[in-house]
Structures are given as structure tokens and as C-alpha cells.
Amino acid sequence: MRSLLLVATLLIGLSPVLSAQTSGPVNVNDMVLEVMRTDIGKDKEGMAMWLPQEFFLAAGMAQSPGLDSGSLAKDLDFLQDYSVFMVQAKTKGEDGPRSLSTAQLRASTSLVDEAGRAVKPLSDLPPKVENLLNLVRQSFASRGNEDFRLLVFPGRTGADKRVFASPLRKGSLTLKVGKVDEFSGMTMTWKTPLASCVKPRPCAKCGETFQAAWSYCAWCGQAGGAK
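Mapping of the sequence shown onto mature numbering (1 follows the signal peptide of the UniProt record, and there is no 0): residues -20 to -1, 1 to 207, in sequence order.
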């Protein structure tokens, strides 16, 4: 229950959590900037936020620095079997904005990893996951913010149960929403590992900061430039 309350607090109002950030292995302020993508056009408004288990953990530790990180990670361990996204997709018609429903997004959205493997959102979820989502939905609704949909994808695939995407592993993750009625669709990509989760290192050639997700140094072009 403690982990569910932390998640609900995070998703219904990021500001109190962010202002509480003081210490921890991952800075949730930096992570928010990395996990959020937007696609704003003349006739549409799209947003997606990737919510890996590490994000919930960082937000929980920011909100309550006295918590034991190991215990909280154990509470949230079930999230490693899922890839959770908060998605908003709106059309801007003559009759005002209209948001795609969860059913429309489930039917039109896929998640693709760096190897081209694609998975669709899950509709049948274990009670523990569904209870978490319901708590978040209720919290959103109580504040009149009902335009965001929660999509849950498999977090592991294949016979070896390989992790589909991780903010700690080098790769990429792409969320594709197809065309639905007047909504023209959107494609959003995350390169991993996230800089907020893996400390940058100096480039072996020029010494400038080299992010873990980079293949080349942005300053001198050195391939694989981190020491």
C-alpha cells in the first residue's frame, strides 16, 4: 500500500515531489525531463511519459528521503515485469479538443525496442497492477484531469524473459500511436540508458562530458568516447 500511495502522489502532482528532491542515487527532476515526450501540432496535442520502476523509486525517495531504498525497491519490484506509460492524445477540432480513449490507444499503439520487437498494450492485468492503475485514475479524476491514459506493456518478452527496455541498458524504445480518426498519430523515441540513471564519464579524447547513451562524443566526434 505504501508504494501505491507514493505512485498516486507522484502522478497527480509532480510539483511537491520535485520540490522535495534533495538526495538519492537518481535525481527525479532530471529524470522527468528525460522520460517525457511531446508532439504538438496545429491539429493535435500529444504527450507520453515513460514510467519505469526506477522512476517510481526515485520519486518515492525524493518524497520521503528517510525511507529505506532497498525496502521501497522490493515493494515496487513487480513493476519490472511491465512497461508503464502515461499517454495523452488530443485532436483540436471545431467542436473543441477531443481525447482518444484508452480503448482507442490500446488498439492503435505499439512499443518497439532497438531490435524491432513490438508489443501491444496489455488489457488483462494482475490485481496488484490493476489496483495501482485504478488508484491513479481515481486521483486524476478527483482533480478533473481525465485526459491522460495509462497504458501497460509487457516488461519482459521471450522464453528467456529478457527485459524489454531498461533505463540502465544501452538501447532505444519507441512508442508508436497510429492514426485514429482525426488524430494523425505520433512516434516518440527514448534513447537509453538515461543520463539521470547512469553517471556521465569524460570523453577519452577531449575530456568533455560523455553521456552513456551516446555512440559518439558530441564535442569531438570520438566513437565510444567515454573512458
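Be careful, since some hints might not be right.
Restraint-style ranges between C-beta atoms, simulated for each label pair [unchecked claim]:
id, residue 1, residue 2, range
1, Glu188, Asn114, 17 to 27 Å
2, Gly204, Gly50, 49 to 59 Å
3, Ser81, Pro107, 35 to 45 Å
4, Lys179, Asp57, 17 to 27 Å
5, Glu162, Ser44, 41 to 51 Å
6, Lys150, Gly50, 21 to 31 Å
7, Glu188, Arg149, 17 to 27 Å
8, Gly21, Ala98, 42 to 52 Å
9, Gly138, Pro107, 38 to 48 Å
10, Arg97, Gly165, 33 to 43 Å
11, Thr154, Thr189, 22 to 32 Å
12, Ala184, Gly76, 52 to 62 Å
13, Thr82, Tyr196, 15 to 25 Å
Cross-link-like lysine to any residue pairs, in silico, SDA-like; alpha carbons within 20 Å at most [what the hints assert, rightly or not]:
id, residue 1, residue 2
14, Lys171, Met16
15, Lys70, Thr167
16, Lys159, Ser81
17, Lys22, Lys171
18, Lys70, Gly158
For the record, the hints were derived by calculation from the structure and aren't laboratory data.
The beta-carbon is built from N, C-alpha and C at its ideal position, and this holds for glycine as well.
Look at the Cβ atoms of Glu188 and Asn114 and judge whether their distance stays inside 17 to 27 Å.
-> Violated, since Glu188 and Asn114 (Cβ atoms, about 47 Å apart) do not stay within the stated range.
Holds or violated: Lys171 with Met16, Cα cutoff 20 Å?
-> holds (12 Å)
Assessment of proposed distance window 17 to 27 Å (beta carbons of Glu188, Arg149) | The hinted range 17 to 27 Å holds for Glu188 and Arg149, with Cβ atoms some 24 Å apart.
Could you check the hint for me, namely that Thr82 and Tyr196 are 15 to 25 Å apart, CB to CB?
-> This hint is violated: roughly 40 Å between Cβ atoms.
Could you grab the alpha-carbon distance between Lys70 and Gly158 and see if it respects the 20 Å cut-off?
-> Measuring from Cα to Cα gives roughly 13 Å; hence the hint holds.
CB-CB spacing for Ala98 and Gly21 relative to the 42 to 52 Å hint | violated (24 Å)
How does the Cβ-Cβ distance of Thr154 and Thr189 compare with 22 to 32 Å: does it lie in that range?
-> holds (26 Å)
Range hint 41 to 51 Å (beta carbons of Glu162 and Ser44) holds or violated = holds (43 Å)
Holds or violated: 35 to 45 Å for the Cβ distance of Ser81 and Pro107?
-> At roughly 23 Å between Cβ atoms, Pro107 and Ser81 fall outside 35 to 45 Å, so the hint is violated.
Taking the beta carbons of Lys179 and Asp57, is their distance inside 17 to 27 Å?
-> holds (24 Å)
Are Lys159 and Ser81 close enough, with their CA atoms no more than 20 Å apart?
-> Holds: Lys159 and Ser81 sit about 13 Å apart, inside 20 Å.
Given a hinted range of 33 to 43 Å, is it respected by the beta-carbon distance of Arg97 and Gly165?
-> With a Cβ separation near 20 Å, Arg97 and Gly165 fall outside 33 to 43 Å, so the hint is violated.
When each numbered hint is compared with the structure, violations occur for hints 1, 2, 3, 8, 9, 10, 13 and 17.
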